[in-house]
Amino acid sequence: MLAAGVMGQNPPHYVSIHLPGGVPSEKVYIRYILESEELGGAVTPRPGITDYVISTTRGEHAVALFKALVYAPGCAIQTVDLMPSDQANTRVDFTCEPASSATITGRFGQPERMGEHNVRLQAFYVARWAQTFLGLG
Amino acid sequence: MVVRFAIGDPASVDAGERFHITVPVLRESDAEIQIRATDRTSGQEYGLIVPAGASDLTTHLGGLKIATSYPEEIVFMRCGNQERTLIDRQALITPPLDDRCER
Numbered sequence: 001m002l003a004a005g006v007m008g009q010n011p012p013h014y015v016s017i018h019l020p021g022g023v024p025s026e027k028v029y030i031r032y033i034l035e036s037e038e039l040g041g042a043v044t045p046r047p048g049i050t051d052y053v054i055s056t057t058r059g060e061h062a063v064a065l066f067k068a069l070v071y072a073p074g075c076a077i078q079t080v081d082l083m084p085s086d087q088a089n090t091r092v093d094f095t096c097e098p099a100s101s102a103t104i105t106g107r108f109g110q111p112e113r114m115g116e117h118n119v120r121l122q123a124f125y126v127a128r129w130a131q132t133f134l135g136l137g
Numbered sequence: 001m002v003v004r005f006a007i008g009d010p011a012s013v014d015a016g017e018r019f020h021i022t023v024p025v026l027r028e029s030d031a032e033i034q035i036r037a038t039d040r041t042s043g044q045e046y047g048l049i050v051p052a053g054a055s056d057l058t059t060h061l062g063g064l065k066i067a068t069s070y071p072e073e074i075v076f077m078r079c080g081n082q083e084r085t086l087i088d089r090q091a092l093i094t095p096p097l098d099d100r101c102e103r
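Protein sequence lines, in the order shown, are assigned to chains P and C. Each residue of the first sequence is one higher than the one before, starting from 1 at the first, in this note's numbering. Each residue of the second sequence is one higher than the one before, starting from 1 at the first, in this note's numbering.
Among these hints, one or two may not hold up.
[What the hints assert, rightly or not] Between beta-carbon pairs, the in silico distance windows are:
#	chain 1	residue 1	chain 2	residue 2	range
1	P	95	C	22	20 to 26 Å
2	C	68	P	88	36 to 42 Å
3	P	11	C	65	36 to 42 Å
4	C	42	P	45	21 to 27 Å
5	P	85	C	42	48 to 54 Å
6	P	47	C	43	19 to 25 Å
7	C	12	P	83	42 to 48 Å
Just so you know, these hints were derived from the structure itself, not from any lab. C-beta atoms are modelled at their ideal positions from N, C-alpha and C, and glycine is treated no differently.
Please construct the entire structure, taking both the sequences and the accompanying hints into account.
As structure tokens, this is what we get:
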């Protein structure tokens, strides 16, 4: 296992999110939250790894709740909702369910003149539903 | 706190003011697509671009709806350049234009 831990070496209690072959680890997005947290965290993507390890340790025990949203290009979003235990760490297999794609063909109106600049356009997915799922304030 | 992440490859705008962005079709309920423009050289932020007056393509917060396909061509404008008349009938519950543009 080539793992990237959010806290360096593997903590006593953790959830491991395992990536299947063919999914570029540096392009994976993982947003997670632990029990009673307000903000949670996001994994920093790294190349060449097979597992993202996220600590679920609080004090000497595992937290009671872990939720995450996992996305990789070409795949559908996978949600994770589990209750970690002190007895065993959990491995979650990210399953890449292929996502279809759609092309947005756009044109700017005359006043914008964006074509005269070296403009970079980047699309973002705004998951408002995830606020409820993750319990973010 | 909004969960937002980049999808699809970055696109350029050609001399004819046109562009193409291919995006995955992700969960559509309570979600939207935002497109952000930046200057490749200076990094200057131009902010969000939004469909111009195409209310059937936009969510009530101004983003592009998730769809399996889109019209042949959509006219966009920079957020903040919209005329007040383009604000939909939910104006009373829609955030002020400048706030919406920062979401």
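### Query
How does the Cβ-Cβ distance of residue 85(P) and residue 42(C) compare with 48 to 54 Å: does it lie in that range?
Holds: the Cβ-Cβ distance is about 51 Å, inside 48 to 54 Å.
### Message
Taking the Cβ atom of residue 12(C) and the Cβ atom of residue 83(P), is their distance within the range 42 to 48 Å?
### Response
46 Å, holds
### Query
Holds or violated: 36 to 42 Å for the Cβ distance of residue 11(P) and residue 65(C)?
Roughly 41 Å apart at Cβ, these two residues keep to the hinted range, so it holds.
### Query
Range hint 19 to 25 Å: satisfied by the CB atoms of residue 47(P) and residue 43(C)?
Holds, at about 23 Å.
#### Entry: Satisfaction of the hinted span 20 to 26 Å by the C-beta atoms belonging to residue 95(P) and residue 22(C)
Between residue 95(P) and residue 22(C), where Cβ atoms are some 23 Å apart, the hint holds.
### Task
Look at the Cβ atoms of residue 42(C) and residue 45(P) and judge whether their distance stays inside 21 to 27 Å.
25 Å Cβ-Cβ, so the 21 to 27 Å window holds.
### Message
For the hint 36 to 42 Å, verify it against the beta carbon of residue 68(C) and that of residue 88(P).
### Response
41 Å, holds
In summary, the structure agrees with every hint in the numbered list given earlier.
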